[in-house]
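Visitor: Based on these hints, arrange chains B and C on the given structure of chain A.
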Amino acid sequence: MSILHTVNKSAYERDTLESCVRLAAKGGSVLLIEDGVYSAMSGGIKSSVIENAKGNLSFYVLGPDIKARGLDEGRLIDGIKVVDYKGFVELTVNNDKVSAWL
Amino acid sequence: MSDAKKFMYINRKAPYGTVYAWESLEVVLIGAAFEQDVSVAFVDDGVYQLMKGQDTTEVGIKNFSPTYSALGDYDVNKIYIEKESLEARGLTLDDLQHLVWEDEDEDWAEKDSIRVVTSAELATLFDEHDVVLSF
Amino acid sequence: MKFSIQVSEGPYNHEASVTAINFVKAAVEAGHEIFRVFFYHDGVNNGTRFTTPPQDDINIQKTWSELAEAHNIDLVVCVAAAQRRGIVDEGEQQRNKIDGNNIAPGFRISGLGQLIEAGIESDRLVVFGD
Numbered sequence: 000m001s002i003l004h005t006v007n008k009s010a011y012e013r014d015t016l017e018s019c020v021r022l023a024a025k026g027g028s029v030l031l032i033e034d035g036v037y038s039a040m041s042g043g044i045k046s047s048v049i050e051n052a053k054g055n056l057s058f059y060v061l062g063p064d065i066k067a068r069g070l071d072e073g074r075l076i077d078g079i080k081v082v083d084y085k086g087f088v089e090l091t092v093n094n095d096k097v098s099a100w101l
Numbered sequence: 000m001s002d003a004k005k006f007m008y009i010n011r012k013a014p015y016g017t018v019y020a021w022e023s024l025e026v027v028l029i030g031a032a033f034e035q036d037v038s039v040a041f042v043d044d045g046v047y048q049l050m051k052g053q054d055t056t057e058v059g060i061k062n063f064s065p066t067y068s069a070l071g072d073y074d075v076n077k078i079y080i081e082k083e084s085l086e087a088r089g090l091t092l093d094d095l096q097h098l099v100w101e102d103e104d105e106d107w108a109e110k111d112s113i114r115v116v117t118s119a120e121l122a123t124l125f126d127e128h129d130v131v132l133s134f
Numbered sequence: 000m001k002f003s004i005q006v007s008e009g010p011y012n013h014e015a016s017v018t019a020i021n022f023v024k025a026a027v028e029a030g031h032e033i034f035r036v037f038f039y040h041d042g043v044n045n046g047t048r049f050t051t052p053p054q055d056d057i058n059i060q061k062t063w064s065e066l067a068e069a070h071n072i073d074l075v076v077c078v079a080a081a082q083r084r085g086i087v088d089e090g091e092q093q094r095n096k097i098d099g100n101n102i103a104p105g106f107r108i109s110g111l112g113q114l115i116e117a118g119i120e121s122d123r124l125v126v127f128g129d
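Those sequence lines, one after another, are chains A, B and C. Each residue of the first sequence is one higher than the one before, counting from 0 in numbering that gives the first Met the number 0. Each residue of the second sequence is one higher than the one before, counting from 0 in numbering that gives the first Met the number 0. Each residue of the third sequence is one higher than the one before, counting from 0 in numbering that gives the first Met the number 0.
The following block holds chain A by itself, in its conformation from the complex (with noise of 0.2 angstroms):
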């Protein structure tokens, strides 16, 4: 079975986006929204929680999270793929379950 994983902190505030990736069986995906977007963002002290974790588990974020922010599509770690609800909704399909890091 493969899980959803959401984190809506950014992992400057909090140790949830770690604590995803050490718990996170290989094969999940990872959904970074609300504040947890700015985990998604490259060259910060952070980035390397996502880019050890590319390997083993697919990244997305939630696209009208980043521009409420206001940050660049652009600048994000590579290989993080950009959702909208939507996007949201089907990976909750496509998974068999959520399970919310808070």
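These are calculated hints, taken from the structure and not from any lab test. If you're wondering where the values come from, they're calculated on a predicted model, not measured in any experiment. Take these hints with a grain of salt, some might be off.
To give an idea of the interface, some chain C residues facing chain B are shown, with a C-beta separation under 8 angstroms as derived from the structure [stated by the list, open to error]: (1) Y39; (2) H40; (3) A79; (4) A80; (5) L111; (6) G112; (7) L114; (8) I115; (9) G118; (10) I119; (11) L124; (12) V126.
A virtual CB, placed ideally from N, CA and C, is assigned to each residue, including glycine.
Guide: Structure of chains B and C alone, referenced to chain A:
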């Protein structure tokens, strides 16, 4: 209702600083009445929920830690503690409550409910459950 | 698919309730069914009709009430969490002898069993919180 589903409750927050530890325990206890297959995991600061010797008298709020010992009576006997979370906090199992259940299939023999597992083992366990509820 | 949602935080303090609203809208648009939205912890505060947010911002509580009506969505506020935080319907008002009630249209107060049932009966349970 549908066939029994495997529920996994993940606790990641310390007690008292926020309400999540207590209100999630209420969900576990109510959920136990629904005859589903229930597991509870304590991860990150969630391991602090099981610390022995909690005394809230001077703070003046309810000490709900004795409630964990009732989990066995509610057939909640699969309690997983992440080894890495314990070690990162300088804790051992001795710091935590000893939770048990009574196996009616073995003459009510008392057994340990707590299993310490690695991150990798817990990741696999999460995958094997149908519903994951996080607090 | 049949979805259930848990909203664990109140309106405005956290983005959770708004993300949940947008998720529900997208799910309905895609043809999915929303079995139940369960409000727990401070999430129960989404269920008071006494809010008057400024006109130039989303009215979170009203949006939930409108979604419930438009798509026949069951909005359930946990009774234990509601009692702690002062979300009251007529039944609770009478039972606990409170001098008023504040539940918003489309919301009902019920037990935690409704959350468990939602997990059992739905294909997906999605949690929005802090």
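Visitor: Hint by hint, note whether the structure agrees.
Guide: Comparing the hints with the structure gives:
Contact between C:Y39 and chain B, as hinted, is supported at the beta carbon level, the nearest pair being about 7 angstroms apart and thus within 8 angstroms. Satisfaction of the interface hint for C:H40 is found here, the shortest Cβ-Cβ separation to chain B being roughly 6 angstroms, below the 8 angstroms cut-off. Here the hint on C:A79 is kept, as its CB sits about 6 angstroms from the closest CB of chain B, short of 8 angstroms. Here the hint on C:A80 is kept, as its CB sits about 7 angstroms from the closest CB of chain B, short of 8 angstroms.
Taken as an interface hint, C:L111 checks out: its beta carbon lies about 4 angstroms from the nearest beta carbon of chain B, inside 8 angstroms. The beta carbon of C:G112 is positioned within 8 angstroms of a beta carbon in chain B (closest approach about 6 angstroms), and the interface hint is therefore held. Interface hint status for C:L114: upheld, as the beta-carbon distance to the closest one in chain B is roughly 7 angstroms, under 8 angstroms. Annotation: interface hint on C:I115 holds; nearest CB of chain B at approximately 5 angstroms, less than 8 angstroms.
Taking 8 angstroms as the C-beta contact cut-off toward chain B, the hint placing C:G118 at the interface holds, the least distance being around 4 angstroms. Given hint, C:I119 at the interface with chain B, holds; its Cβ is 6 angstroms from that chain's nearest Cβ, closer than 8 angstroms. The criterion of a C-beta within 8 angstroms of any C-beta in chain B is met by C:L124, whose closest approach is roughly 6 angstroms, and the hint holds. The restraint placing C:V126 at the interface with chain B holds, with a minimum CB-CB distance near 6 angstroms, inside the 8 angstroms limit.
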